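For this one, chain C is given, so just place chain W with the ligands on it according to the hints.
Listed below, chain by chain, are the residues.
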Amino acid sequence: MAQTRYPKTPREEQPEASPATSPDERIDSAETGARGPFSRRQFLRGSAAAGAASAGLLSGILDDAEAQDEPGVAGPGAVDMAFKINGKAYVATLEPRVTLLDALRNHLDLTGAKKVCDRGTCGACTVLLNGDPVYACSVLAIEAQGSEVTTVEGIGSPANMHPIQQAFVDHDAQQCGFCTPGFVVASAALLNRHPNPDQDTVHRELGGNLCRCGTYAGIRAAVAQAAGGGTTNG
Amino acid sequence: MAEYVWPAAGDRLHIGKHISRLDGPVKATGRAKYAYDVNRRGMLWAIMVQSPHAHARITAIDTSAAEAMDGVVKVHIIQDVGTEIQWAHDEIVAVAATSEEVARDGAAAVKIEYEVLPHFVNERAVDEAPDAQPAQEETTGDPAAAMAAAATKSSGSYHVAQIAHCSLESHGQVAEWQDEETVTLWASTQAISGVASQLGEQIGIPASNVHVETQYMGGGFGSKFSVDRWGVVCAQIARDTGRPVKLMLDRDQEVSVAGARPSTHAEVSTGADADGNVVAWDSKSWGSGGPAGANSPPLPYVFAFDNQTHMHTSVPTNTGPARAWRAPRHPQACLVTMRALEDLAHAAGMDPLDFFLRNIEKTGERASTYVEELEKGAELMGWRDRWRPRGSGTGTVRSGLGLALHTWGGRGHRSNCEVLAYRDGLVEARIGSQDLGTGTRTIIALVLAETFGVGLEQVKVTMGRSVLPASGASGGSTTVGGVSGATRRAALNAVDAVFERIAPRLGTEMANLELRNGELHFKDGSMAAMPWRQAATLIGVNPVSATGANPGPGQLNDSGVGGIQMADVSVDMETGVVSINRMVAVQDCGLILDMKLAESQVYGSLIMGVTYALTEERVFDPHTGQMLNPDMEFYKLAGIEDVGEMIVHMMTGPGYDERGVIGLGEPPVIAPGAAIANAATNATGVPINEMPMTPERVLAAINGGMA
Ligand code: FES
Ligand code: FES
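Just so you know, the sequences run in chain order C and W.
Counting with the working numbering, you get residues 1 to 234 for the letters of the first sequence.
Counting with the working numbering, you get residues 1001 to 1707 for the letters of the second sequence.
Next comes chain C alone, as it looks inside the complex:
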């Protein structure tokens, strides 16, 4: 499933190592997939008060996200950001540490993507970034500028559902529905990449999403229907 892209921090801009743990190590663990105790984002959050410590990181992110020529420093205060989400332009003034998920949910009232683990384990926050599924909880909002963001709301509407959404309804691939937006987005991405996936592919591509109510049988059948391959519960 989606790996969040983590831009490299330019080495010459490394901040001073803190006495406890060198930021360098923390970043490295974050780059392995943000599953360790020190995700980059949590590091950023944790060091919010220490503006100096995060300045180097943030400039690195800005460089990568906006391809600036000169290193700039964003934050720790709020900065203006611009997003393209579901084909529409949005602007917001956010702290650089705000994740894409929190920007969507808390600031733009796009609440389809859900916050569950908030650290890249469950997939409930899955959105598309330029067509690729990512965990929105593990992408900084500031990084998502300049990319096309697609949330579940942009995949289809109740009156005009995407075939995968219709298939989720037809096969009851949802109970409480809290994991559903993430699964719908991940399934749409799966079908874009593999129009006729075999079951191993379905399992692999949706393996980064978790459901507590146990809707996997319905999801398998839904993906099969949307792929045009009949139904399967195998």
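Think of the hints as simulated: they come from the structure by calculation, not from any bench.
No experiment lies behind these values; they were computed from the predicted model shown.
C-beta atoms are modelled at their ideal positions from N, C-alpha and C, and glycine is treated no differently.
One or more of the hints may lead you astray.
Unchecked claim - Here are a few chain C residues that sit away from chain W, every Cβ distance over 12 Å (derived from the structure):
id	residue
1	Val73
2	Asp80
3	Gly87
4	Lys88
5	Ala89
6	Tyr90
7	Val91
8	Arg105
9	Asp132
10	Ser147
11	His194
12	Pro195
13	Gly207
14	Leu210
15	Ala221
To be verified - Chain W is faced by these chain C residues, among others (derived, beta-carbon under 10 Å):
id	residue
16	Val79
17	Lys84
18	Cys117
19	Asp118
20	Glu153
21	Ala167
22	Phe168
23	Cys176
24	Phe178
25	Pro181
26	Val184
27	Asn192
28	His203
29	Cys211
30	Ile219
As the list claims (entries may be wrong) - Stretches of chain C that chain W covers, calculated by requiring three or more beta carbons in the stretch to come under 8 Å of a beta carbon on chain W:
id	segment
31	93-103
32	120-131
33	136-145
34	156-163
Just chain W with the ligands, lined up with the frame of chain C:
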């Protein structure tokens, strides 16, 4: 007057069909608004500071740094200096701020000092428990004599770890005051009516002034019946600040304090006569679900033997407290009983299918249902051709079959419903129930449409608000019977009330009228049938209103189901990994209202069962008292690739339908673990006696270590 029955099989318009849940499109497109999704103008975020210690006394709290922060609006002390904390992650202070980020900064800046006290978290070592309590002792017949006389004997110890609910939408709510006496709470709850009363009491306003709203909620599984301390705190902060407040638990809190299923450990001895009839049962169990310990699981489970004895010890621990977890105490009892009986079958040299059938009369009144279900399950699993005696397999990966039986009550709860029929033909049900994702909304709609003989597009369900006619909490598989009974009675009464109103306007008697297939029929044929929407215009501007309740006249629901499950698993003898090939569930639940939703419940239960069988466990560090996996990386839920093939068969038709509606939320989640453990035992040839069946434990069992 109405006769309060369900329509006969041939007359059913919607009941028993595969109907898609009505809120499916809203959920699948991300439009459904859960409590977590509610954003209000000027809303504050609240984050709670938690205890790092499992047992401690608070000696100092310094909130000055948090209060001085820009954006922090309120620091609320939940548990003050002097309070004794009984489990780690317990909430002590809440910080409300203008953004989630600042609330977190504020929470991190609160300084709390503790006097650390001794803790006990690992109840498996019952001998070391400081406060173990005898909780139950029951004996029937003369088990000692029966055991002494038994031809075959078996004994073993069986262990079920503590697990969490881990609802994907964490516990929490948004609170907003309309005026000094009225508050709205958008809550993630299984009990809107109950939460309104609890909150009103705790903050000193009438319950009727608390408006609880829950249109959608992201899972509860028994953990969301109470307003909880954080609900009260949220409402208090909202009152103190005059602003709406959102307070949702973080994942670590959700998994560590918001719900635990108690552990069960048991030593069991059993005996059978030469024909394989069980003649003696002796069990001693203990377990914990936190500071209150744990009640006894119902042992022996499903079966009652002439000579049996059971003793239980409750073991308090310094861990987040227990809450009802789907089918409380039953999955644990099922694992212990079905594993012990499978071991006895093995000792007797019998196929467990034959062994369970031999003893089926000891299950009581559901015996004939179990026989039918076992036969059906055996057919779907290919049991007769495929079962081999324990440990027959060779090679690295070995497969095996296992089975288990379960039972549950599931009688409909107390519920009220008001039905309104409008002159535009819309028929509305108003009911203070909540849809947890089981499909309650859809069930109410289809009962209403069935009763009016109209399509589902003609009806509307207004629910999820505590100001509506009161309905019970959604737990214990009681909702479907409760809401369907109340809705059916209200709808039958409403049909009568409609007839009473329009008959004079049609120049006929109400007894001459009948609604079916979207039309009003005249029984005497005096007039041609007219479409319902045309007939409805005669209602006039004031809608017709009628109410109904459950329980009430007529038998619309019942209690008591039995089901059987079979598992086909493979075990890698070198890695200890258990993988699921196929699960078969055969289930009865009386009259099935929506076959698609019923099957969904059973599929979901199988999957939840696979999860707790293989991976779920709250792991505690004995030295720090901390839960080591309050997250989703190491508190593992099964993924789509882990659950194998699933076959679900619902028992329907004569013998089942006429019992009326019975709940289905709990029954099918009880037996998967036991069936899987029996299958793993059958595959490996060694008793696999612990849940979850992690590779480490399975390898230990294979290698002859402690299982
Ligand atoms: S909330 Fe982002 S992966 Fe779980
Ligand atoms: S439907 Fe409830 S978590 Fe997936």
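| Numbers of unmet hints, in rising order | Checked against the structure, the hints that fail are numbers 8, 13, 14, 15, 16, 17, 27, 33, while the rest are satisfied.
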